[in-house]
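Go by the hints and put chain R onto chain B.
2 protein chains.
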Amino acid sequence: MSWKPNRSLSISLSKQIADWISQQILTRQWPVGTKLPPQRQLAITLGVNRSTVQEAIDELKAAGILSSKVGSSTYVSNDSWNMLTKQKQPNWQHYIDASIHKPNYQTIQLINHMEQDESIIRLSTGELSPSLLPAEEIQASLQQLPLDGKEIGYSSPQGSLKLRKVLVQYLENKGISTTPDNICIVSGGLQALQLIALGLLETGAVVFQDEFSYLNSVHPFQSFGIQLQGVNSINSNESIMTKRRGKRQNIFYSIPTLHNPTGAIWSLEERQSFYDTCTSMNMPIIEDDVYADLSFHPPPPSLKSIDTDGQVLYIGSVSKTLSPGLRIGWIVAPTPVIKRLADIKMQMDYGSSAFSQEIVSYWLSTGLYEEHVTQLKRELQRRAELMNRQLDKQFSNIATWSSSKGGFYIWLAFTHPIVTTDFFLKLLKQKVLINPGYIYQGKDATHIRLSYAYATDSEMLKGLHILYQEAIQEIQKNF
Amino acid sequence: MSWKPNRSLSISLSKQIADWISQQILTRQWPVGTKLPPQRQLAITLGVNRSTVQEAIDELKAAGILSSKVGSSTYVSNDSWNMLTKQKQPNWQHYIDASIHKPNYQTIQLINHMEQDESIIRLSTGELSPSLLPAEEIQASLQQLPLDGKEIGYSSPQGSLKLRKVLVQYLENKGISTTPDNICIVSGGLQALQLIALGLLETGAVVFQDEFSYLNSVHPFQSFGIQLQGVNSINSNESIMTKRRGKRQNIFYSIPTLHNPTGAIWSLEERQSFYDTCTSMNMPIIEDDVYADLSFHPPPPSLKSIDTDGQVLYIGSVSKTLSPGLRIGWIVAPTPVIKRLADIKMQMDYGSSAFSQEIVSYWLSTGLYEEHVTQLKRELQRRAELMNRQLDKQFSNIATWSSSKGGFYIWLAFTHPIVTTDFFLKLLKQKVLINPGYIYQGKDATHIRLSYAYATDSEMLKGLHILYQEAIQEIQKNF
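Chains B and R, in that order, are what the protein sequence lines are.
Heads up: the first sequence at position 72 corresponds to 72 in the working numbering, and the numbers run straight through without jumps.
Heads up: the second sequence at position 424 corresponds to 424 in the working numbering, and the numbers run straight through without jumps.
Same shape as in the complex, but just chain B (with noise of 0.2 Å):
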């Protein structure tokens, strides 16, 4: 018997025995029925007083791991491998309670498991109907990707090269000069937040955004200790400049393109005077783009192709449009930015799936994505329309929205506050699933983010209906 208490350790030396006289059980040296040494040769042995020793054979028996018999004698009991063994459980729940990261918000938790739910009527998710996806159209295409060995080995940290030069050529197509050098791929736009988060702020650090953001409903920022600030971003240069805190990291997150929730396109007028603001704060931006390419109708420059600066830090995705099972996106932004960027995200997954990058490069570089979304827009307007008819029927008199310009949502806004979790539960207890407002601004209670990229026609109808029927019952009860 060669071990003993450790003094230096802030474990007490009693707690130390009864570990050690635990694992001598379990790891069947003291199998059960073992008498142990009397307590004072135990002492003499383990260098400690034999009240310490006491106390730890006491714990042991209080935990029927030990027992006695009558007289002084102790014992392996019969039931202290079960004792050990339900203590030894280790308690998962406290580990996940004291983590790092937050969880994700109930609602959303929710939202996620519900999805799967085929029985549900999927009205506000921001995601394609499968129906929508060019499924045949991709696997059809799996058999003219030039793989070799080499193209499905690890990735080089900033993603596929030849990604990035078919890449080059598609953002020259929107306005945006860049280089291979300057482009991360990433396993789409939220990734790219999160390397942003670690790899570009720091702990205090404060994130500007609308006061209605996306950015509300996800955590990329807030469990690494960064806060997020919402402000009026239009005609802004008083309220960022009123919130912007001392020395602080600033960075602006924005959507001008088809704003998640609200839809919104800011007019090149509005780009160019926050784009103005922001870097006369030295206030670093991140434009994420990734609704860009559903814009009905041709949008104004994005900020990328106005920054001259190195200023922007640009966010492309094609899970809004082609699949978001590829998992990729790209960030755009100056050497230094990509060289960190890439660099984190080889210690986070060393890359992103090569096979997703060679389907994503056959795409763009063959018109068959270009092609594609210009039928999925024309899908996309159609369903926003019969959206927009319905809503004209039924919500004129309970209700306020613009008509869409692209991507998936109409922001709708009741004249009540009514968008409670209590209303989220309701509505889905009758199968209609809904974004409520309160997951991109806290404190909202009276909008819904609608989506008609999911919902069959019929769906979207019945769904309607619904939150219509819900809606009324909740104003006439409340108001």
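Careful, some of the hints might be misleading.
Same chains, same label: a pair holds when it works inside one copy or across any pair of copies.
Stated by the list, open to error - In silico PhoX-like cross-links for lysine-lysine, where the CA-CA straight-line distance does not exceed 25 Å:
no.	residue 1	residue 2
1	K150	K429
2	K150	K165
3	K431	K339
4	K377	K462
5	K339	K429
6	K477	K4
7	K426	K35
8	K429	K377
9	K443	K426
10	K443	K61
11	K35	K477
12	K443	K377
13	K377	K15
14	K462	K150
15	K150	K4
16	K4	K339
17	K35	K15
18	K162	K339
19	K339	K102
20	K61	K4
21	K443	K393
22	K69	K393
23	K150	K377
24	K426	K61
These are calculated hints, taken from the structure and not from any lab test.
Relative to chain B, chain R alone:
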């Protein structure tokens, strides 16, 4: 002019005024040559002392943004735009330096970078040679994938149910009984570690690991204030207990089969003893099993297969066997852990590539995977023997090693401490890229992780020859 500086901010009034003036210039409201209002008037309009205005104007004059003509009038200088533009570029390096995540070690960054250079002999890389990846076979299989719109939409939080079902069978064959609910699909083993870091551990938690460890070469834990603690994991009771810190969370990161970098395989007795030790200390275990399928002889049962208590978080992957470009791995763990990790993954990247998941499902369920791995192991064994013979011929007097039991690596220990950054760079100059021991244990200067999985036979022999020459020279020079 309605703007006024805000006294409740921590930025000085004069700085706020200087910012505001800059902004007037940048937004072209005050074009070049504009004469500023007299200071006295500005002071009144802005509600501050004249000296505050003067301070702001002096600052901007010093920066060349404003200029004074004879007399007291102040003008927007000809150079103002340039000056502001120069000033306004974000200092990205400053952002990067202050940010949360650690950069990769310089050696690792260099390795990641040099691996893109095809003229380099990669004598250490953790990657299969492109010639060993079944690129053609994968391409041929793509046509068989049952892709439809649903398959390529956003994934459920835990990943494709189809793949998880296939994995249950695959794991059953390895003696691990589990269910689809206990599996979360991830983008490779490294992401699994990051999810555990963010989703289960608290800042200040301690991750125990072997003295030499893959974990030291990456930062999924360290960037979030989680500490690593090297111990001798075999017969480790005392060593762990001594280094366990008070009430801090603990977890053990282990690679019982084909350890990275040492190549060791723990015996059944070592596994049982290690499991019992950790269990008795209530210390959860991460079991990284990503090389296990490449064991030349069947390895002892995994820790997970003897885990009756939900103590083990098991990590598997196809990156070392089928293709790293797929970016597909998995975690097997108790349900609350899996739900938590899946929720974090949804917040990071909304799931892994659906295409990659389909390919892995197909390869595992049709037997293609097993067939490929059988062939792959045969070739790896041939290469391992070739490397071993060459080491026997050249290195017997200056190094020791064990012959490989599987996987990619031979862990070479020189008799003298020659493996320094300098040595690494000298080899690189000769186009030989190695993973030096110090990336696995900061103080090491005697080891190299050799790999026989990437270089061709002739490259391997050439690389070993160069390595030998450099090593001899170092030894003769210094010892």
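- Query: Which hint numbers does the structure go against, in order from smallest to largest?
  - Reply: Numbers 6, 7, 8, 10, 11, 12, 13, 15, 16, 21, 22, 24 - these are the hints that the structure violates, sorted from lowest upward.
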